[in-house]
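Colleague: Below are the chains, spelled out letter by letter.
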Amino acid sequence: MPGASSRLIAIACGTAGLAGFFALWQVIGHYQLAGLSWPPLTAVLQYLFDPDRHALFLRAIDATLRSTIAGYLIGALTGIGLASIAYTLPMLQRGSDRFAAVVNSIPSIALGPIFLILISREATPAGVASIHVFFIVYVSMNSGLASTSQAHEDLFSALGSSRLKRFLRLNFPSAVPAIASGLRLSWPAALIGAIIGEWFGAPRGIGILIINSMQNFQINLLWSAVLLAAMASLFFFGMLTLVERAAYRRFR
Amino acid sequence: MARFFVLNWGILLILVAWEGWVAANDFNPIVMPSPQGVFMDMISNPGIYVENTSVTLFVAAVGLAGGLAVGTGLAILTWSSPLLSGIVSPTAVLFSSVPVVSLIPIIARILGYNMATEIAIVVIITFFPSFVFTTAGLRDLPHGSQDLFSVLGASRRATLRRLALPAAVPNMAIALRLAAAHAILAAMIAEFLMGTTGLGYLFAVTKQEFLTERAFGTSVVATAISVAAFLATSLLERRIRARFT
Amino acid sequence: MTGAAISIEHVTKRFPLKGQSAGVMALEDISIAVEQSEFVALLGPSGCGKSTLLRLVASLERPTEGTVSIGGEAPGSLAARHALGVAFQDHALLPWLNVHDNIALPFSLANKPVDREAVGGLIDLVGLNGFETARPGQLSGGMRQRVSIARSLVLSPEVLLLDEPFGALDAVTRRQMNIELQRIWSRQRITTVLVTHSVDEALFLADRVLVLSARPGRIIREVATPFDRPRDPAVMRSATFHDLVDDLTDALHPTDATAHAGR
Ligand SMILES: Nc1ncnc2c1ncn2[C@@H]1O[C@H](COP(=O)(O)OP(=O)(O)OP(=O)(O)O)[C@@H](O)[C@H]1O
Ligand SMILES: [Mg+2]
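Going down the list, the sequences are from chains A, B and C.
Under the working numbering, the first residue of the first sequence carries the number 1, and numbering increases by one thereafter.
Under the working numbering, the first residue of the second sequence carries the number 1, and numbering increases by one thereafter.
Under the working numbering, the first residue of the third sequence carries the number 1, and numbering increases by one thereafter.
Simulated from the structure, these hints should not be mistaken for laboratory data.
Owing to the predicted nature of the structure, the values given are computational and were not obtained by experimental measurement.
Treat each hint with caution, since some may be false.
Calculated Cβ distances over 10 angstroms to all of chain B for the following chain A residues [stated by the list, open to error]:
1. L18
2. T42
3. T88
4. A146
5. G160
6. I219
Label pairs and their in silico Cβ distance ranges [as the list claims (entries may be wrong)]:
7. S162(A) <-> L77(B): 50 to 60 angstroms
8. G195(B) <-> R250(A): 42 to 52 angstroms
9. D154(A) <-> G195(B): 31 to 41 angstroms
Residues on chain C that point at chain B, a partial pick, calculated with CB under 10 angstroms [said to hold, decoys possible]:
10. S59
11. G76
12. G85
13. V86
14. L161
Here a beta-carbon is modelled for each residue, glycine too, at the ideal position from N, C-alpha and C.
Construct the entire structure; sequences and hints are all you get.
Modeller: As structure tokens, this is what we get:
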């Protein structure tokens, strides 16, 4: 089977690339090729998995993930909601596109202080995360809705279906794969939003660890926090990729 | 006029809600300024805004150009060598699904707090979309075109120049749109964290000194340039898509 | 078979297919020799391996068993010499190039200066005057196919492979294109293999018509056309022509065959 062996080769190459990346990280850190701010991988891992610090990191990642997930859900629902409304009421479409683009263009660091007043210190990370997710989901859903095939549109028109029914039975299902892609892509963005949101006085979280360790020169802590954020991102990203695949299988 | 409302009802809604909210709560301008107050600050101190905006734009533009160049270059390299592609691509894709913005503090620590670092940060952050989309574009060829080039005895170089690169142009336009937004955000976050220059810096100090109207003015300017970049790159992307597909 | 321009000897082609350990047998032990300056047409039911056969000659596929050679060389060397012309089922035009540049593309790929006269002449020939600067997205399906045919001829190739080049054309245009192709071909006599579903087209254009069986493809009928060249469209109304059409149609649809069983 040539397919299986080429797949093996691909996996081997990818693993080699990743191993090379980690090796490079280790070597640069070990010989201090990039100065004291670049610790070797082993030092970072040791720091991160030191039992004494479990409580610290767990509390931080727990807080950040809660904010991220809350913001993710709110953002996704508003994105889907606004896209649906704009699609069924076409006169709103262009204005809502621009509204979404503008809201998304407000720099995240400026969103922080607004949410601080608007909601609360604790809820700010989720708020910033939700804005990031909102835009990506909104845009994906729009392009998914636009991908409805003309032949099907014509069929529904010929059958005299109402606009709402057509939306529920045809346009929305056609958009599901695109929405799933948007949901996958918006996860790292949600995490970034939550981390930035935490910089504005959240009581705890990965973002707090990152900014404090940066200011206090706690290099191992800084790298550990970033690595932890990366691992959390990858884990959920992988799960969402599976969801996306299922969506493509079911709706394409 | 009607057209203006059709396009901008969302933005007007934000402004009206903002003004109403401030009026209803009778906020102190230090806590939450009104749109009018922010606007007044902007027109009475244009110098500060212009200066910092140009610095941020410069950092974002230079970094963006660098990131796109490096991303496209590496994409072409991996296109030319399947082995290299197999080795590099998974890692790059892995990176692009990681919150890269959280790398900014690390890069700042390693390279030092200065403008070159800000540019380097923008390069690194815009590199990922550029690499990922260009790589995909180089392989997304029109149906049957690869067979055609093979039958016509095209060299690898000619295939790159006349087939793969033109085929990748629409994807490069998508990369430009995404990367432009990332560039402005990354530049501002870097400035905000390192406290050097630019809009991010202006925002950080004015917030600290309770010059809230100016902090909001900075946000408005940053939003405006991001929206402008978004609209311009979207338009470009549509044009390119129409031209190349 | 010496002297043959294209020689296909005992070729079998099997495609791997998921869930089927044996794979798909597209062609089985097929041998065809096409002479220098001969025009051969292939007829056969859908999925019998006609396109696969052309792709083998174009060196886009490798035979599972047997050999394919062109003028004694491996088929790949013809492509490397830029001496192959193809127009395949899907037109494969580059969407970012206009009609003129699409037709001129083979020159660039062969590192030759573009012969504007040749390109113009072919645009003329396929009836696309005035569309030189249009891009494929602005053309109809039939117009795109005509661009693809013009492109296949622009380098005056040694071997021409045509896979249902007129499939998307209406009957009238198709007939016109047949007549035009016949005219150019009679002048240049490029060794040609044409795949088609139209018995009339095969008989009008080719020196020899081969009928393939359903998958796996094997040759079940072979007819040499007795018409002189250049051919007048009037031959299509002759009694011989009609007899041959009946003969080939029977071979193609053995179920409603009356007298002729596959040989
Ligand atoms: N790349 C491939 N992988 C797997 N199977 C293939 C591949 N190409 C062709 N086949 C199979 O080989 C058989 C012959 O295909 P081919 O395209 O040559 O048919 P054809 O005679 O040109 O049909 P049509 O008249 O419909 O164009 C088909 O059963 C097809 O499914
Ligand atoms: Mg075919």
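Colleague: What hints, given by number in increasing order, does this structure fail?
Modeller: Result: hints 1, 6 and 9 break, sorted rising.
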